[in-house]
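Visitor: So you can see what is in the structure, the chains are spelled out below.
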Amino acid sequence: MQKAAPRRRGTALALAATMAASLGLAACGSDDSAGGKKTLTWYINPDVGNADASKGGQATLAKECSAASGGKYQINVQLLPNSASDQRIQLLRRLAAGDPSMDLMSIDPVFVAEFAQAGYLAPVPASLEPQFKEDRVQSAVDASTWKGKLVAVPFWSNTQLLWYRKSVAAKAGLDMTKPVTWDQLIAAAKTTKSDIGVQAALYEGYVVWINALVAGAGGKILENPGAEGTDTKLGLDSPAGRDAARIISTIAKAGLGGPAMGGNQETESLDMFAGKKANFLVNWPYTYGALTGDKADVAATIYPRTVADKDSAPPYGGIQIGVGSKSKNPTLAYQAAACVTNQKSQAEYMAKSGNPASRKASYTDPAVLKAFPNGIAATISKSLDQAVPRPQSQYYGDISTGLQQRFSPPGAVTQQTPKSAQKFILDVLKGDALL
Amino acid sequence: MSTIAEPTPESTETSAPLPKAGRPKLTDRAKGERNLGWRLAGPAFIIMLLVTLYPIAYAIYLSLFSYRLTDPDARRFVFLQNYVTSLTDPLFWQAFITTFVIVVVTLVIELVLGMAIAMLMNKIVIPRRTLRTIVLIPYAIITVVSAFSWLFAASVDTGFFNHWLHAFTFGGFPLDYDWFGGRWSSLTIISLSEIWKTTPFMSLLLLAGLAQVDGAMEEAAKVDGATWWQRFYKVILPNMKAALMVAVLFRTLDAVRIYDNPQVMTGGANKTMTLSMLVSNETINRVEIGMGSALAVILFIIVLIIAALFVRGFKVDLTGGGK
Chain A
1 MQKAAPRRRG TALALAATMA ASLGLAACGS DDSAGGKKTL TWYINPDVGN ADASKGGQAT
61 LAKECSAASG GKYQINVQLL PNSASDQRIQ LLRRLAAGDP SMDLMSIDPV FVAEFAQAGY
121 LAPVPASLEP QFKEDRVQSA VDASTWKGKL VAVPFWSNTQ LLWYRKSVAA KAGLDMTKPV
181 TWDQLIAAAK TTKSDIGVQA ALYEGYVVWI NALVAGAGGK ILENPGAEGT DTKLGLDSPA
241 GRDAARIIST IAKAGLGGPA MGGNQETESL DMFAGKKANF LVNWPYTYGA LTGDKADVAA
301 TIYPRTVADK DSAPPYGGIQ IGVGSKSKNP TLAYQAAACV TNQKSQAEYM AKSGNPASRK
361 ASYTDPAVLK AFPNGIAATI SKSLDQAVPR PQSQYYGDIS TGLQQRFSPP GAVTQQTPKS
421 AQKFILDVLK GDALL
Chain B
1 MSTIAEPTPE STETSAPLPK AGRPKLTDRA KGERNLGWRL AGPAFIIMLL VTLYPIAYAI
61 YLSLFSYRLT DPDARRFVFL QNYVTSLTDP LFWQAFITTF VIVVVTLVIE LVLGMAIAML
121 MNKIVIPRRT LRTIVLIPYA IITVVSAFSW LFAASVDTGF FNHWLHAFTF GGFPLDYDWF
181 GGRWSSLTII SLSEIWKTTP FMSLLLLAGL AQVDGAMEEA AKVDGATWWQ RFYKVILPNM
241 KAALMVAVLF RTLDAVRIYD NPQVMTGGAN KTMTLSMLVS NETINRVEIG MGSALAVILF
301 IIVLIIAALF VRGFKVDLTG GGK
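Protein chains in written order, with the UniProt record's numbering: chain A, 1 to 435; chain B, 1 to 323.
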């Protein structure tokens with residue numbers, strides 16, 4: 001026993017020394033790893049390449065901009081979860097914990113307000129602001145602005161189109177050169193015994209649809225963006241809200257959304273379209289790239305109208321780049337964001353990933369025109385001019401979840417649904433109801 | 001610990017004066033052993049307190065505030081308001097009923113099935129080890145993986161359930177039946193997957209209980225002319241009460257916390273949200289830390305009540321060895 005003690009102490013010392021050394025090394029590795037070159041972390045949302053830099057996604061932009069920085073910084077990418085809600089939760093958790101690695105973040109536009117209001121975003125340098133607004137579609141700038149100030153960098157700007165098979169539309173007697181309404185689409189689907197691909201699962205994508213329907217009828221879900229929870233005014237309980245409910249309910253009750261409409265997200269509705277169970281589909285522009293086989297019969301046009309005499313309000317989506325307020329290198333991070341969103345990067349990203357750029361010049365780039373042929377690129381650009389974003393509010397998460405819950409399942413939606421959803425969301429915002 | 005603290009005949013033999021009255025005085029050796037015991041177990045005990053008691057106390061403290069993580073400036077003390085809101089909210093009771101239905105349905109079916117499997121395993125001698133291994137396979141699968149398997153199996157597009165039911169009912173069952181389109185059909189699949197997954201656990205616990213039952217008592221009952229049912233009901237069951245309670249209690253508490261299966265399959269759609277999902281939704285999604293903590297505390301109290309009821313109802317003293 002006596003003899004063993006020093007040896008044991010020696011082992012403990014060795015262990016402690018190893019731990020201390022590894023901690024020290026870890027600390028070195030996280031910051032300037034290669035002789036003064038700063039390492040920036042970019043939390044990217046999944047796209048065509050995910051973390052693989054050879055596929056033309058955000059990881060490729062990170063690699064190219066690192067090389068172009070001339071040794072100033074090196075961007076490492078971290079992949080966020082698949083769904084927008086899960087992306088928000090991961091970012092939010094890290095931001096709330098003051099994680100200093102939040103240099104660059106790909107943020108869904110609906111969460112920009114919440115992050116900005118909570119003080120999680122570093123201020124945009126005044127010197128770079130003109131560059132971030134230059135040649136951008138208006139909806140992308142709006143989505144990056146909170147209370148009159150640019151708080152994020154417009155990166156890509158997504159919008160939903162109406163995808164259809166030309167032969168089926170012709171058979172149903174639809175003139176696709178003119179705007180079509182949801183009612184016409186429903187009638188066409190009925191006569192051709194075809195489904196319409198929509199997203200109505202209990203998730204963010206359902207709100208995309210509801211918002212587009214309400215806005216298309218000239219209404220607004222949120223009347224006063226930026227208001228405090230208790231002062232929030234909603235416009236769901238209105239003729240526009242009831243128009244939206246009527247369309248959802250008609251499609252669900254006639255079985256036109258497929259047998260599992262209440263569980264359909266983008267992928268399922270795309271599969272319905274690809275498998276020819278559906279010949280009409282509302283979905284994002286990646287649809288064209290995702291379809292395989294002969295695409296000669298596939299075309300896209302502007303999002304369907306809610307009411308015949310008003311322009312439709314196509315959904316606005318996309319990604320903004322935010323810089324965390326606890327980032328150790330905010331200046332470098334904004335320089336990296338400028339590189340990631342310059343004209344060359346934007347066109348390249350759009351052509352390779354299928355996600356539309358926020359810079360207008362990209363839509364005439366030869367590579368983009370090749371990736372989006374048959375006038376689809378021009379249709380996306382036109383749709384973006386017309387697009388209406390979802391409500392901008394620091395409580396967007398609550399508004400969205402409340403809407404999803406009250407409008408689910410789509411088969412149970414009635415003319416009373418908008419009113420009950422409105423009351424429910426307001427109760428939640430006041431703290432009088434659970435969500 | 002108790003054997004060290006109390007003087008045993010062995011420890012008093014070292015010439016210690018015997019106490020006259022009241023608490024027996026500790027011998028030096030007993031004291032030394034007790035101190036050593038504290039020194040050895042003390043750090044672990046303190047760490048246990050820190051990691052279990054601190055979060056509970058902190059959750060109770062937070063539950064008294066209206067506190068949104070993204071809006072820390074608006075944090076204010078609301079005392080029990082979060083509890084009042086929770087307990088008067090229809091969504092809470094909806095989640096409570098959903099959880100309750102899942103607990104009762106899965107518990108009853110698992111108890112019967114688990115008992116049957118346990119008795120089978122107890123009787124079968126030859127491929128005993130193989131059988132036990134096979135029975136345990138579903139339990140070895142991670143819940144989230146099994147949840148996805150059941151989701152895909154029951155889905156309209158990828159699933160085979162509808163094809164089988166369609167074939168077995170000679171076309172009576174619709175091929176495009178959407179299991180996840182309604183509350184009760186969703187709960188059916190959720191409960192089925194729970195039963196499939198945790199019956200092995202139940203049967204193993206019950207098998208341990210069955211092994212404790214003295215074969216001689218069964219023989220005696222048989223000689224006395226007891227029927228199979230009488231032997232089961234009057235001899236086997238009472239003699240495996242402790243194991244039965246452990247199985248029922250563990251499984252109940254497990255089911256009360258149910259999260260993965262409904263989260264993966266429906267995400268809480270069609271009124272299939274459980275209490276755990278509600279807690280996670282308030283705390284993680286809405287970052288309403290105060291309300292989420294209040295709900296977590298309520299769930300904690302429900303668990304305590306269930307545990308107390310079972311321990312009392314079965315009249316088993318688990319610390320005393322079971323019988």
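Mixed in with the good hints there might be a few duds.
Here are the simulated DSS-like cross-link-like pairs (lysine-lysine), alpha carbons at most 25 Å apart as the crow flies [unchecked claim]:
no.: 1; chain 1: A; residue 1: Lys253; chain 2: B; residue 2: Lys123
no.: 2; chain 1: A; residue 1: Lys166; chain 2: A; residue 2: Lys382
no.: 3; chain 1: A; residue 1: Lys149; chain 2: A; residue 2: Lys328
no.: 4; chain 1: B; residue 1: Lys222; chain 2: B; residue 2: Lys123
no.: 5; chain 1: A; residue 1: Lys430; chain 2: A; residue 2: Lys382
no.: 6; chain 1: A; residue 1: Lys423; chain 2: B; residue 2: Lys271
no.: 7; chain 1: A; residue 1: Lys166; chain 2: A; residue 2: Lys149
no.: 8; chain 1: A; residue 1: Lys72; chain 2: A; residue 2: Lys382
no.: 9; chain 1: A; residue 1: Lys63; chain 2: A; residue 2: Lys352
no.: 10; chain 1: A; residue 1: Lys430; chain 2: B; residue 2: Lys271
no.: 11; chain 1: A; residue 1: Lys253; chain 2: A; residue 2: Lys171
no.: 12; chain 1: B; residue 1: Lys271; chain 2: A; residue 2: Lys419
Now the in silico label distances, taken between C-beta atoms and shown as ranges [unchecked claim]:
no.: 13; chain 1: B; residue 1: Phe160; chain 2: A; residue 2: Leu369; range: 53 to 59 Å
no.: 14; chain 1: B; residue 1: Pro90; chain 2: A; residue 2: Ala170; range: 45 to 51 Å
no.: 15; chain 1: B; residue 1: Tyr233; chain 2: A; residue 2: Asp86; range: 48 to 54 Å
no.: 16; chain 1: B; residue 1: Thr188; chain 2: A; residue 2: Asp311; range: 42 to 48 Å
Facing chain B, a subset of chain A residues (Cβ under 7 Å, in silico) [what the hints assert, rightly or not]:
no.: 17; residue: Asp86
no.: 18; residue: Ile89
no.: 19; residue: Gly263
no.: 20; residue: Leu435
Think of the hints as simulated: they come from the structure by calculation, not from any bench. Quick reminder that beta carbons are idealized off the backbone N, C-alpha and C, glycines included.
Visitor: Taking the hints in turn, state whether each one holds.
Guide: Status of the hints after comparison with the structure:
{"no.": "1", "hint": "A:Lys253 - B:Lys123", "result": "violated (55 Å)"}
{"no.": "2", "hint": "A:Lys166 - A:Lys382", "result": "holds (20 Å)"}
{"no.": "3", "hint": "A:Lys149 - A:Lys328", "result": "holds (22 Å)"}
{"no.": "4", "hint": "B:Lys222 - B:Lys123", "result": "holds (16 Å)"}
{"no.": "5", "hint": "A:Lys430 - A:Lys382", "result": "violated (39 Å)"}
{"no.": "6", "hint": "A:Lys423 - B:Lys271", "result": "holds (18 Å)"}
{"no.": "7", "hint": "A:Lys166 - A:Lys149", "result": "violated (44 Å)"}
{"no.": "8", "hint": "A:Lys72 - A:Lys382", "result": "violated (38 Å)"}
{"no.": "9", "hint": "A:Lys63 - A:Lys352", "result": "holds (15 Å)"}
{"no.": "10", "hint": "A:Lys430 - B:Lys271", "result": "holds (23 Å)"}
{"no.": "11", "hint": "A:Lys253 - A:Lys171", "result": "holds (24 Å)"}
{"no.": "12", "hint": "B:Lys271 - A:Lys419", "result": "holds (19 Å)"}
{"no.": "13", "hint": "B:Phe160 - A:Leu369: 53 to 59 Å", "result": "violated (44 Å)"}
{"no.": "14", "hint": "B:Pro90 - A:Ala170: 45 to 51 Å", "result": "holds (50 Å)"}
{"no.": "15", "hint": "B:Tyr233 - A:Asp86: 48 to 54 Å", "result": "holds (51 Å)"}
{"no.": "16", "hint": "B:Thr188 - A:Asp311: 42 to 48 Å", "result": "holds (45 Å)"}
{"no.": "17", "hint": "Asp86", "result": "violated (10 Å)"}
{"no.": "18", "hint": "Ile89", "result": "holds (6 Å)"}
{"no.": "19", "hint": "Gly263", "result": "holds (5 Å)"}
{"no.": "20", "hint": "Leu435", "result": "holds (6 Å)"}
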